[in-house]
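**Student:** Listed below are the residues making up each chain.
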Amino acid sequence: MDLTDEKIVEQCLKGDREIYSLLVDKYQQMIYVLAYRMLGDEAAAKDAAQESFISGYLSLRSFRREAKFSSWLTSIALNKCRDMLRGRKDTVSVDDLGDVLPGKGADPEERYRQKENEDVLQEALGKLPDEYREVIVLKHIRGLDYAEIAQTAGVSEGALKIRAWRAREMLRFLLKEGQGTHV
Amino acid sequence: MYKERELLQRLLDGELDESEREQMLKAIEANPFLKRDYKGFAETIQALEEAKHPLAPPYFTAEVMRKLPVLAVPFWKKAALFLFRPHIFRLNIATIAFLLLAAVSGAVFLMGRGTMQTAALEQGKANTVMVTFRLQAPGAQSVALAGEFNKWMVNETQLSRSKSGEWQVEVPLRAGTYAYMFVVDGRTWLPDPDADAYRDDGFGSRNSVRRVYHL
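Here the protein sequences line up with chains V and A, keeping their order.
With the numbering used here applied, the first sequence corresponds to residues 44 to 226, in that order.
With the numbering used here applied, the second sequence corresponds to residues 2 to 216, in that order.
Bound conformation, chain V alone (with noise of 0.2 Å):
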């Protein structure tokens, strides 16, 4: 008998704690890629990723079983890696968007040269702003849609949109950079 996410939230409630081992198995993949994206270093993600399921576990009893369960550990997950994101230098905020827009930096081709080896897409995700990030992590490599992000992210689906907008600009413009290509 298949058990539903739902039911084995209510047995962990009741005492049984093994069980809940088969929501870590079933999405411990959605969730550590969820992390890898947005902090950009595997060891991170797994930090992270655990430490999701660990405050899943020990709030289950505010689960509202009305939600599905995949989107309320996401939510949990993202307020993870925006803690962690946030006790970090390296990232672009929105005032910097001066240093990745077009016209500055080397020359592509030796910039393509140099990191061929490296995960493109990764370094271009990186280079954006967290907000922006977070939508298009969300929306194109978790498949949620708006209204969905806009619940487990706590924004509007407005602002999202503009946010996504922009995002895709930038991303664009990285990626053709990424790969030594002129826009």
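The hints are simulated quantities; they were obtained by calculation from the structure and are not laboratory data.
Only a predicted model underlies this, so the values are computations on that prediction, with no experimental measurement involved.
Heads up, some of the hints might be wrong.
List time: in silico EDC-like cross-link candidates among lysine to aspartate or glutamate, alpha-carbon distance up to 20 Å [unchecked claim]:
#, chain 1, residue 1, chain 2, residue 2
1, A, Lys79, V, Asp59
2, V, Lys170, A, Glu44
3, V, Lys204, A, Glu64
4, V, Lys69, A, Glu64
5, A, Lys53, V, Glu166
6, A, Lys53, V, Glu85
7, A, Lys53, V, Asp84
8, V, Lys69, V, Asp48
9, A, Lys36, V, Glu212
10, V, Lys204, A, Glu7
11, A, Lys4, V, Glu212
12, A, Lys68, V, Asp68
13, V, Lys219, A, Glu16
14, V, Lys204, A, Glu50
15, A, Lys68, V, Glu61
16, V, Lys219, A, Glu51
17, V, Lys219, A, Glu21
18, V, Lys204, A, Glu5
19, V, Lys204, A, Asp38
20, V, Lys204, A, Glu21
21, A, Lys68, V, Asp90
22, A, Lys68, V, Asp162
23, V, Lys204, A, Glu16
24, V, Lys170, A, Glu50
25, V, Lys204, A, Asp18
26, A, Lys53, V, Asp162
27, A, Lys79, V, Glu53
28, A, Lys40, V, Glu212
29, V, Lys89, A, Glu64
30, A, Lys4, V, Glu200
31, A, Lys68, V, Glu94
32, A, Lys79, V, Glu61
33, A, Lys4, A, Glu16
34, V, Lys219, A, Asp38
Which residues of chain A face chain V? A few of them, derived with a C-beta cut under 10 Å, are [unchecked claim]:
#, residue
35, Gln10
36, His54
37, Pro58
38, Phe61
39, Ala81
We put the beta carbon where it would ideally sit given N, CA and C, even for glycine.
Place chain A on chain V using the hints.
**Tutor:** Here is chain A on its own, set in the frame of chain V:
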């Protein structure tokens, strides 16, 4: 131009209705710059949605479960969970044989104990003698027997009346000496005229005494 770029983004998000979509696609075909932008955004989204992602590290689940705290659960919940959750027990033949032997031995012991208790009861009965108590009281409505053998309880031992007005009861007693009295109609205490002896009761009256011997 800004309006066109906004429509382009909405097209990419699938938010245009059928007629808006058709108009936008026509505009894209007609405008090479818009066409370039549309292609660029579509390729960007394709790169994101088709990207290969790293796999979660091995033993991820085991590490999470190891780090999970143990939440306090009431004992009764733990007991209910244990009792009503299916369990799988793996036993070897020797263990099964031992458990069966223990179960059979336990059953035999309990049955034997029950037999012994019954025998003790029977033996207890065998050590008693049926002693008859009689009182001639044709006018009485009820006659009871109260004595040392029933803790002087008035309603414990009732005598039965015969047609001649004689009241009688048989009581199993072990060998010994017993003081007793008849209680007529629930209030009149009378000594037994046929008692073996009499004993002063300390209240100004005399108790009847019956001596019982083993045969």
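**Student:** The hint names phenylalanine 61 (chain A) as touching chain V; please verify it with the least Cβ-Cβ distance against 10 Å.
**Tutor:** Holds - the Cβ of phenylalanine 61 (chain A) comes within 10 Å of chain V, reaching about 5 Å at its closest.
**Student:** Against the 20 Å threshold, does the CA-CA distance of lysine 68 (chain A) and glutamate 61 (chain V) hold or violate the hint?
**Tutor:** Holds. Lysine 68 (chain A) to glutamate 61 (chain V) sits at ~12 Å (cutoff 20 Å).
**Student:** Holds or violated: lysine 53 (chain A) and aspartate 84 (chain V), Cα atoms, limit 20 Å.
**Tutor:** 15 Å, holds
**Student:** Taken at face value, is the distance from the CA of glutamate 64 (chain A) to the CA of lysine 204 (chain V) at most 20 Å?
**Tutor:** Status violated; Cα separation ~38 Å.
**Student:** Take the C-alpha atoms of lysine 89 (chain V) and glutamate 64 (chain A), compute the straight-line distance between them, and say whether it is at most 20 Å.
**Tutor:** 10 Å, holds
**Student:** Would you check the hint for lysine 68 (chain A) and glutamate 94 (chain V), treating anything up to 20 Å between C-alpha atoms as holding?
**Tutor:** 9 Å, holds
**Student:** Let me know if the C-beta of histidine 54 (chain A) comes in closer than 10 Å to any C-beta of chain V, holds or violated.
**Tutor:** 4 Å, holds
**Student:** Lysine 204 (chain V) and glutamate 5 (chain A): Cα distance at most 20 Å?
**Tutor:** With a Cα-Cα distance of about 15 Å, the restraint between lysine 204 (chain V) and glutamate 5 (chain A) holds, given a limit of 20 Å.
**Student:** Regarding the pair lysine 40 (chain A) and glutamate 212 (chain V), is the alpha-carbon distance no greater than 20 Å?
**Tutor:** 12 Å, holds
**Student:** Assess, step by step, whether the Cα of lysine 69 (chain V) is no farther than 20 Å from the Cα of aspartate 48 (chain V), and give holds or violated.
**Tutor:** 10 Å, holds
**Student:** Check whether the Cα positions of lysine 53 (chain A) and aspartate 162 (chain V) lie no farther apart than 20 Å.
**Tutor:** 10 Å, holds
**Student:** For the pair we were handed, lysine 79 (chain A) and glutamate 61 (chain V), check the Cα-Cα distance against 20 Å.
**Tutor:** 13 Å, holds
The structure is inconsistent with the numbered hints 3, 13, 17, 22, although it conforms to all the rest.
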